[in-house]
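Each chain is listed here by its residues.
There are 2 protein chains.
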Amino acid sequence: MITIEIKAPYLIFLGEETRKTYAKTGSGIVDWRPELCKGQLNLIENGLDLGLPRMSVEEAAAAGIKSLVIGTASVGGGIPDQWLETFENALLAGLDIVGGVHKKLNDIPRLVEAAKKSGSKLIDVRVPPANIPVGTGRKRTGKRVLMVGTDCAVGKKYTALAMERDMRKIGLNADFRASGQTGIMIAGRGIPIDAVVCDFLAGAAELLSPDNDADHWDVIEGQGGIFHPGYSPVSMGLLIGSQPDAFVVCHEAGRTEIEEWDNFPLPTIEQVIERTVSLGSLTNPNIKCVGVSINTSNLGESERQDYLNDLSKRLGLPCVDPLIMGTDAIIEHMLG
Amino acid sequence: MITIEIKAPYLIFLGEETRKTYAKTGSGIVDWRPELCKGQLNLIENGLDLGLPRMSVEEAAAAGIKSLVIGTASVGGGIPDQWLETFENALLAGLDIVGGVHKKLNDIPRLVEAAKKSGSKLIDVRVPPANIPVGTGRKRTGKRVLMVGTDCAVGKKYTALAMERDMRKIGLNADFRASGQTGIMIAGRGIPIDAVVCDFLAGAAELLSPDNDADHWDVIEGQGGIFHPGYSPVSMGLLIGSQPDAFVVCHEAGRTEIEEWDNFPLPTIEQVIERTVSLGSLTNPNIKCVGVSINTSNLGESERQDYLNDLSKRLGLPCVDPLIMGTDAIIEHMLG
Chain A
577 MITIEIKAPY LIFLGEETRK TYAKTGSGIV DWRPELCKGQ LNLIENGLDL
627 GLPRMSVEEA AAAGIKSLVI GTASVGGGIP DQWLETFENA LLAGLDIVGG
677 VHKKLNDIPR LVEAAKKSGS KLIDVRVPPA NIPVGTGRKR TGKRVLMVGT
727 DCAVGKKYTA LAMERDMRKI GLNADFRASG QTGIMIAGRG IPIDAVVCDF
777 LAGAAELLSP DNDADHWDVI EGQGGIFHPG YSPVSMGLLI GSQPDAFVVC
827 HEAGRTEIEE WDNFPLPTIE QVIERTVSLG SLTNPNIKCV GVSINTSNLG
877 ESERQDYLND LSKRLGLPCV DPLIMGTDAI IEHMLG
Chain B
577 MITIEIKAPY LIFLGEETRK TYAKTGSGIV DWRPELCKGQ LNLIENGLDL
627 GLPRMSVEEA AAAGIKSLVI GTASVGGGIP DQWLETFENA LLAGLDIVGG
677 VHKKLNDIPR LVEAAKKSGS KLIDVRVPPA NIPVGTGRKR TGKRVLMVGT
727 DCAVGKKYTA LAMERDMRKI GLNADFRASG QTGIMIAGRG IPIDAVVCDF
777 LAGAAELLSP DNDADHWDVI EGQGGIFHPG YSPVSMGLLI GSQPDAFVVC
827 HEAGRTEIEE WDNFPLPTIE QVIERTVSLG SLTNPNIKCV GVSINTSNLG
877 ESERQDYLND LSKRLGLPCV DPLIMGTDAI IEHMLG
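Protein chains in written order, with my numbering: chain A, 577 to 912; chain B, 577 to 912.
This is chain A alone, in the form it adopts within the complex (with noise of 0.2 Å):
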């Protein structure tokens, strides 16, 4: 299988950081995968605690740790020079270096040179593995479910995090499938699927989510939005890569525009299931939405309850927020 992957158990590297919200990335993969993370590692005697063991380099490979993830990210995306020094050593003791910043750490001379010594990878999960064939199209065995989005930004990677946890709760063969930097981390594999050259867009898709068990199902993260002015074209080349058999339309309530596109209102969640349905025909003719997942953080509680049952009553589909309630309903609503 062509994706990046990534050797668990994970240190999770925090750098000078202090401040949980710009370390998304590591806590997010702590939210997800606790079993994954074995330690974490501070340049700074007061950093952010994410509540794993500390750890220097040499403990962490003493204790069996295989990457050393970056879990922060610093002003710009760059690798600050003061980070150099740990991600060597790191690659020396026999650690992979895995980072999802714009700067590539195999642009980076220094650790180019202490990989090749030691035989350890620099993994820019950025990157899209190599040897990515065109799309065939040719039906594949098991069963899909993919977010959508009425734009970036609106809950798709979490929402198919919290499938895959509810899915897997109640004893179903599911897994993520991540088409982004911090969902490859979270997962440990996957495909940067905007990253990759737009002839192989379709062929990516099919690589992320292979055959599989007849009773399996592949729960994958979506891209852009089917009405984005610049990002379209991706997320229907994740469409009809996938041939989903379900999808869940994404939405953050009281959005009106694609944010930072002036002049370009948001669609309907009813325009993004027709325009999803008769795209994603092409390559599943048996494509449905099963669901709708909605961001309420800017509704209060009463108005949460309202929004969402007047949704549903309109849609004829289970409408949640699955950071209160879970997706169980729209987990129900898929398998009936």
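No copy is singled out in the list; a pair is fine if it fits within one copy or between any two copies.
Simulated crosslink set (DSSO-like; lysine-lysine; CA at most 30 Å straight-line):
no. : residue 1 : residue 2
1   : 697       : 679
2   : 600       : 697
3   : 642       : 679
4   : 680       : 697
5   : 692       : 679
6   : 583       : 745
7   : 692       : 680
8   : 596       : 614
9   : 745       : 596
10  : 600       : 642
11  : 583       : 680
12  : 614       : 642
13  : 614       : 693
14  : 693       : 583
Calculated from the structure, these hints are not laboratory results.
Given chain A, work out where chain B should sit, using these hints.
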């Protein structure tokens, strides 16, 4: 403007080729841009004759030729060793080398070194320019007509070039905009859209037809097909980034399946029109189909007329074979 730029005039390099069908790039450039082609270079005595003066690299440089353009493809898309001496001499004589074969000129150390020495350039037209931005969806000035297809290889490039020719003939201000390698070599500029990272695909399409005079038409080469299981995301990105006022559907008479993709029936022309309008409306609500271009090479003379007449009646649109009758009928409908 961020596009590939090729300096004219050209020396068309034909290697050891004797057959025109293996020199489609070279003969395409001579057919559509004879004014840019000042010479041809054959490595053998009885090589293919494109009707240009035969020149050595030295003669070409003395004649003011700026670029050696590889007009033929070797088996497998490589660059045979026996071509390298000629290319090296051309670089040292001050010519750029322009290639569209799979093997990249910039991956051949001997050529990279010669280019560095002389200041000449190695231009791989399959490699997009750097720093392409994300698509904005911003409305641009000027008019645009985009070729779309029921499939790949149905005459989109030919139709666009024929429209440019026929529009210029009646005094219209029109420019062919190349989105693929051969088109780029013909036009001397453009962006290989299918090689762009998908996050920047719509942005690349926006660069291809920048702001222009109110009466100016960009005639944009299409890619893929909006119902194609591998390439439809490319078609969608080109569509929304081009924000075309008008489009022409290109089709090959008699084709019933997506070529090389088993089990995918060809969409009808009506389906392509409907989907192109619905997707294209995102960035241009006034988009409309202005005609249909048919490759009728599989039909006999009388069949052809019946086929085009029937289709025209069915669709209420001008339907032409551009190779035989030009594109005047489409242009008239587009302007009216």
